[in-house]
Amino acid sequence: MMPAVAMRGIRKRFGAVQANDGVDLTVAAGTVHGIVGENGAGKSTLMSILYGLVSADGGSIEINGQAATIRHSRDAMQLGVGMVHQHFMLVETFSALDNVLLGAEPAWHLAAARAQGRVRLQDLMRDSGLQVRLDAPVEDLPVGERQRLEILKALYRGARILILDEPTAVLTPQETEQLFHTLRQLRARGTTILLITHKLKEIIALTDAVTVMRAGRVVLDCATADTTTDALAQAMVGRRVQLGRGSDAVAQAHGEPLLRADHLQWRDAAGVVRLADVSIALRPGEIVGIAGVSGNGQSELLDALAGLLVPDAGDLQLAGRRFTPARWLDPATARDLAVAHVPEDRQRRGLVLPFAAWESAVLGYHARPRYDHHGWMVHDTMFADAASMMERYDVRPRDPRIRSGQFSGGNQQKLVLAREAMPEPKVLLVGQPTRGVDIGAIEFIHGRLRAMRDAGGALLVVSSELDEILALADRVLVMNGGRISGELPIDACTEGALGRLMGDAAADSVQSAAA
Amino acid sequence: MSSDQELPRWLDLVVLPLFNLALALLVCGIVVLVIGLDPLQVLALLVRGAFGSRIGVSYTLYYATTFVFTGLAVAVAFHGGLFNIGGEGQAMLGGIGTALVALALGDHASAWIVLPAMVLAAAVFGAAWAAVPAALQAWRGSHVVITTIMFNFIASALLSWLLINVLKDPGNMTVESRSFGPGAHVPALHELLALAGVQWPRSPLNLSVLLAAASAVLVYLLVWRTRPGYMLRAVGHAPEAARYAGIRPPAQIMFSMMLSGALAGLVGINEVAGTHGRLLLDYVVGAGFAGIAVSLIGRNHPVGIVLASLLFGALYQGGAELAFEIAGFSRDMVFTLQGLIVLFSGAMAQVAAPTLARAWFALEHRLRPAHG
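Heads up: the sequence lines are chains A and B, in that order.
Counting in this note's numbering, the first sequence tops out at residue 515, every number present.
Counting in this note's numbering, the second sequence tops out at residue 1372, every number present.
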């Protein structure tokens, strides 16, 4: 059978970086083809070339056996290639229908265009099983529905080959399962799907064939049935990778809690209860994991413990001091009391993106006498410390002069973690330690977190990845609807048990994913 | 795809601005050609008018002094994430502060006391005028762009009221205060040079030019070398990250706006005390707004702002000369030239960057093919 996509000898250079170095990719029609690789391996570049966002320096492309010249995404769409970007390209204040029609209106008169478009879309939704509320403004749609809308948008424009860039990065487990269901249905209708991801479980669960890229080249190309997650991980990183607990023993912590929060309550501005009677204690030498579908109060709990959010009620005991909502902890005091915080959103919170790495490397600690001599910043020390952080945490490229925003997500995360670990905190609060991070870096970051625990630190890890909780935690708390719905020692944690505590809907999806 | 390509610094900071300036001059040339004049002759006259004589240079520097103050004011607020377009009003208040001190002390006290007191008053009055919009933004969320521009009008009304009802010299028909006493006289450059035995033509250029130079150095040190500057930039670039780092954004908003207002207020020293020697109605004449253009063209950096101020000073002085020398070359033509320079060097400063980047990387590629 004729391949849907055949790319041969694709080359692309950005400045000093050879992003694609003679890449061959063949995708059989009507299959789901996975493309995996670490950040910077060149997979996004390859797909941008196929979709006409970037022009290749060399190589050829065939679509359905025909030589194709793709200079612009308009060319790609005419050839039936559609793309769903990781960050959605939607006008939030427009209705779902208008978003689909935007730029592809079937008539000049908008009312007529809407009427015609609605009929076609309803047919399309029935055929594809992609259900979207067409009249709701996009800002009111949950993330999963926005993604269905993006897919619908591509299909409406006649896409027969669909590129999905990290589609599950923003989805909850149930939304992911729903997406996979949809993609299988689309495949059954003959749509060819290219799936860019770094989650290997998804490759195994969904794809027919997989291409692994590393440093701009293809290093493995095989049928999914012939491979395993371990083999894929090894191909991606170029060495054996140890994820999960391995032989790591579970720590039993009995000491006095370093941090103890009792009965935290908080309502947001809209009056929704985000924290409901949450109590937690962190003891030296343990990692406490918080599992839960995101948006169930985990972020608010982290913020409250870090001093970024003042709860309505409850109290906090830390280093012999007691804080109540009238005089709550503030972030500077938290750091003075040896509480470090790796925030969930490293781009908005963890780093000042336009700052050079050496400036971001002291953020939060900038007032320490080490960096501040009577108001003057000690640039030499800042630079030297940043360099040593980057050395110890293997941040690449290893140049403190580079702007924080220029690093890849994994390297940004390592920089933030390095900074927070530098003053050897007693308590470390970590939100989403490895979101959007490469496998190699995940292994590294997990190793560092365990080492901090073994050195007597008390760690709180919030993660929406169950695998991560299971790999790291010694004790697991589950949050659901702003309250702690249960606590399990790690030996008692199964995906099913956790799923039940995370909420009924979540339990179903976790179990069906595990099945 | 993580690499949006960055230009090497020298290309970004030297070649690109010169390229933009050349482009602006080219289009100016076409405009001049259209009205039937010789562009090269006009350019030569402009340059000669601004730099060709000692008096021309003096005037250029005098104009530039005011632009340095207002340009720095805009830049400091910008680094704090705020767009202060109230330089006009803050400069007026600076002038009022200067005048009040000069009128109170100028007749009796020595210049050693009055001059520092005037500088302090100009800065404090400017800062106080900026503090109100700042507080409204910091704690009430009213946008400073709206409030500062409203405060320009209030400042203008306040100045008129003060002059007409309180400070007007009773024996004088024009709306201005009496002349300041000798203690409030800011030495002009020609007077200082005369002391050193150097003959220099009479011009409004005065000691304030050194104050402007010192302000540029201090702003650089403060913003990039000190902890308050670090905090100010952190809030400006990423308020959420700043909050995470234990920095309180409201305090920083107050700090950067008041510093900005103080710098704008110093215009009062150059214009009211340094040039006119009395308080009058229109000593700011758009300098506050020109500061926005100066800061934009100078990339919000003190070095760039000093250079852009010199460019603007030269345009003011050379343009005045042009209007005088060539019949048919009106003051409006000078504004057209200024507008084109603001357009190409300020508003469209990055338009040529991608082309330049592509040319550079292609060249680099050819020079070092085995790289990487």
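Among the clues, some could well be false.
Interface residues of chain A toward chain B, partial, derived using beta-carbon atoms under 10 Å [to be verified]:
1) 171
2) 175
3) 307
Listed next, with one range per pair, are the computed distances between beta-carbon atoms [as the list claims (entries may be wrong)]:
4) B:1150 to A:73: 27 to 35 Å
5) A:375 to B:1012: 29 to 37 Å
6) B:1154 to A:398: 20 to 28 Å
7) B:1128 to A:104: 52 to 60 Å
8) B:1104 to A:139: 42 to 50 Å
9) B:1367 to A:104: 25 to 33 Å
10) B:1146 to A:102: 49 to 57 Å
11) B:1154 to A:388: 50 to 58 Å
12) A:268 to B:1221: 39 to 47 Å
13) A:129 to B:1146: 22 to 30 Å
14) B:1128 to A:137: 53 to 61 Å
15) A:73 to B:1011: 23 to 31 Å
16) A:276 to B:1146: 36 to 44 Å
Residues of chain A clear of chain B, computed beta-carbon distances all greater than 12 Å [to be verified]:
17) 332
18) 362
19) 497
Calculated from the structure, these hints are not laboratory results.
Yeah, the Cβ is synthetic: ideal placement off N, Cα and C, and Gly gets one too.
Each hint tested on the structure:
1. Interface hint at residue 171 of chain A: violated, since its Cβ lies 22 Å from the closest Cβ of chain B, which is beyond the 10 Å cut-off.
2. Because the smallest distance between the Cβ of residue 175 of chain A and any Cβ of chain B comes to about 25 Å, over 10 Å, the interface hint for this residue is violated.
3. Here the hint on residue 307 of chain A is kept, as its CB sits about 8 Å from the closest CB of chain B, short of 10 Å.
4. About 45 Å separates the C-beta atoms of residue 1150 of chain B and residue 73 of chain A, a value inconsistent with the hinted range of 27 to 35 Å.
5. Taking 29 to 37 Å as the suggested C-beta distance range, the pair residue 375 of chain A and residue 1012 of chain B conforms, at roughly 30 Å.
6. Separated by about 54 Å at the C-beta atoms, residue 1154 of chain B and residue 398 of chain A break the suggested range of 20 to 28 Å.
7. About 56 Å separates the C-beta atoms of residue 1128 of chain B and residue 104 of chain A, a value consistent with the hinted range of 52 to 60 Å.
8. Distance hint check: the CB atoms of residue 1104 of chain B and residue 139 of chain A are about 59 Å apart, inconsistent with the given range 42 to 50 Å.
9. A hinted range of 25 to 33 Å is violated for the C-beta pair residue 1367 of chain B and residue 104 of chain A, which are about 45 Å apart.
10. One distance hint, 49 to 57 Å for the beta-carbon pair residue 1146 of chain B and residue 102 of chain A, is violated here, with the actual separation near 32 Å.
11. The hinted window of 50 to 58 Å between residue 1154 of chain B and residue 388 of chain A holds, with their beta carbons roughly 53 Å apart.
12. Separated by about 42 Å at the C-beta atoms, residue 268 of chain A and residue 1221 of chain B satisfy the suggested range of 39 to 47 Å.
13. Taking 22 to 30 Å as the suggested C-beta distance range, the pair residue 129 of chain A and residue 1146 of chain B does not conform, at roughly 49 Å.
14. Distance hint check for residue 1128 of chain B and residue 137 of chain A: the Cβ-Cβ separation is about 45 Å, which falls outside the suggested range of 53 to 61 Å.
15. For residue 73 of chain A and residue 1011 of chain B, the Cβ-Cβ distance of about 30 Å falls inside the hinted range of 23 to 31 Å, so the restraint holds.
16. Look at residue 276 of chain A against residue 1146 of chain B: about 40 Å separates their beta carbons, and that is inside 36 to 44 Å.
17. Annotated as non-interface, residue 332 of chain A brings its C-beta within 12 Å of a C-beta of chain B; the closest such distance is 3 Å.
18. The Cβ of residue 362 of chain A sits about 8 Å from the closest Cβ of chain B, inside the 12 Å cut-off, so the non-interface label is violated.
19. No Cβ of chain B approaches the Cβ of residue 497 of chain A within 12 Å, the least distance being about 34 Å, so the stated non-interface status holds.
Comparing the model with each numbered hint stated earlier shows that hints 1, 2, 4, 6, 8, 9, 10, 13, 14, 17, 18 do not hold.
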